[in-house]
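Read off the chains here:
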Amino acid sequence: MNTLKAKKRNEAFGRFITFLCAILVIIVTFSLVIFIASKGLTIFLKDGVSPIEFLTSTKWRTEADPPQVGALTFIIGSLVVSVLGIVISAPVSISSAIFMVDIAPAWGQKLLQPVIELFVGIPSVVYGWIGLSVLVPFIRNNVGGLGFSVLAGGLVLAVMMFPTIASVAADALRAIPEELNEASLALGATRWQTIRRILLPAATPGILTAIILGLARGLGEALAVQMVIGNAMNIPSSLLDPVHTMTSIITMEMGNTAMNTLPNDALWSIALLLLTISFIFILIIRAIGKKEAYK
Amino acid sequence: MKNSRKKWSTLLVAVMLMAALVVLSACSGGEGTATPSNDTSTTNDASTTSDSDTSADDSADDGAPADDLSGTVTASGSTAMQPLVEAAAAKFMELHPNVTVTVQGGGSGTGLTQVSEGAVDIGNSDVFAEEKLDADKAKELVDHQVIAQGFTAIANKDVGVDNLTKQQLKDIFLGKITNWKDVGGKDQAIVVVNRPTSSGTRATFVKVAFDGEEPIEGNTLTEDSNGTVLKTVAETPGAISYLGLAYLDDSVAALKLDGVEPTVDNIVAGTYPIWSWGHMYTKGEPTGAVKAFLDFMATDDVAEIARSKNYIAGSDAEKLK
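Protein chains in written order, with this note's numbering: chain A, 181 to 475; chain B, 13 to 333.
Honestly, the hints are just simulated from the structure, not real lab data. Some clues are possibly wrong.
Unchecked claim - Stretch by stretch, here's where chain B covers chain A in the computed footprint (C-beta under 8 angstroms, at least three residues):
(1) 266-279
(2) 403-411
(3) 432-438
To be verified - Below are the DSS-like pairs computed for lysine-lysine, each with C-alpha atoms no more than 27 angstroms apart in a straight line:
(4) B:K151 to A:K219
(5) A:K219 to B:K149
(6) B:K188 to A:K239
(7) A:K239 to B:K182
(8) B:K149 to A:K226
Bear in mind the structure is a predicted one, so any value in this text is a computation, not a measurement. No residue lacks a Cβ here, since even glycine has one placed at the ideal position from N, Cα and C.
Bound-form chain A, shown alone:
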């Protein structure tokens, strides 16, 4: 009798704790979203900045009178640098995942897994510092321009996206049932044909998810990118031009501006825009998840 009571109490206690934690996380998430939204909408609701101007103008002079709040330069900068990162990183990361899962599962896995974990563990400031000390002078001396460039930002991001894309893509490949692989081989397909025609198509939703997660990683990265892109108020016309990103303008100006003033609120609007983009990514991933190629 007693033990039964104790068991029941334990049961209730466990449920209570997990429930509490779940609620806490939900509350924190919602508070974050509400806070950022209320801060980010201030310049539109209170100061009468037009959202169209915010999204389409390239004039960013928040301390001028009248203030000019155009974030297009940063939006384009963020997109260009992140997309370049993906273009460089995705083929390498996905190939690594294929190698690790399908080509050399034994030693490939043993070798690559720790490498991926190591990549995750390196703080972004270290990536940025290496980029600034090695990559920027290298580009300046061997490719041209000032070194601070879209190219430098894209390369640094490519390295930072690698563990995200590789590990999610590897999970997707691992989730494919062994029977598919065996059936293909039994039909006489070579290993490469099997990978290209059977496994990759079957894992496409997972791989797309991996790429979108990598893109999100890139758009959200502030420090490492800021250190190597030169932060110029400039729409880039070549890979060697310096650019500015949404995250770098926030980190650059947040300490210099006072809370509850337009220059500060304008930075919150950019934060809100980043949050919105993340939400869109989540929606896309959800949609992809529903349309799994193989069930």
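Start from chain A and add chain B according to the hints.
What follows is chain B alone, placed relative to chain A:
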């Protein structure tokens, strides 16, 4: 498949967390970087304020640790002022062992926000509160101009120029002169390195050196701290920028302005014009330990520390008024 569906939902949770992280990292990443960014700014006329006059009672403090002054003083804000204020705080705590002075950075905007909200006793700012805060909030703050700092134009060491006229300096930053050979240097394109538009250092240069005109945008670099400005100018051929004197080292060439070297002595003598006040704001008139600390900032003890760190304080600062 059930299995993979489960997988997706796990993934979704991960994505949600990541979304939160994306936003958080945008903020927290900044905490680290944005701090060293702002330096002083604006105006050479000291007329506006206020009770920064050197108070005489410091003589009583000297060598008398057993005093009855106690309490805590918190200050935050300008990272340009931070090294000097920290050093002064250490000295002050030696003299008054019962007082704890905490000095933090965060940037001028942060300092002004926090002092205005009452979160700290003193908000350090490189610029006047009116330029950052709403007028009615700025009105509640009392300005103490006890320290000043100088600024200098700096260039990459290999450009072959060590002196610019004020007109040349302005023309370079406004994009009218684009090659060092036009100002007597090598045939080398000029790379302009700016601070962000909200930076106090930039504001000082715009006001004093560029006659109120904003530097060109476009293919120019922007760096947000004195440290990254130094590194960028030192390593980028043809680079030019500006810097707080306290941060100057010999990795770059400090440019003379109209033949005058940028030194504390020349600023105090009135021959070098690019400097500005470091403001220490309190909400209302200070009392107790806060007042004692602000009075101490104006003493020659601090002036000595200031000189060793290339700031201007104490009787030197008095001469600028």
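So, going through the hints one by one against the coordinates:
| no. | hint | in the structure |
| --- | --- | --- |
| 1 | 266-279 | violated (count 0) |
| 2 | 403-411 | holds (count 5) |
| 3 | 432-438 | holds (count 7) |
| 4 | B:K151 to A:K219 | holds, 24 angstroms |
| 5 | A:K219 to B:K149 | holds, 19 angstroms |
| 6 | B:K188 to A:K239 | holds, 21 angstroms |
| 7 | A:K239 to B:K182 | holds, 22 angstroms |
| 8 | B:K149 to A:K226 | holds, 18 angstroms |
When the structure is compared with the earlier hints, a violation turns up for hint 1 alone.
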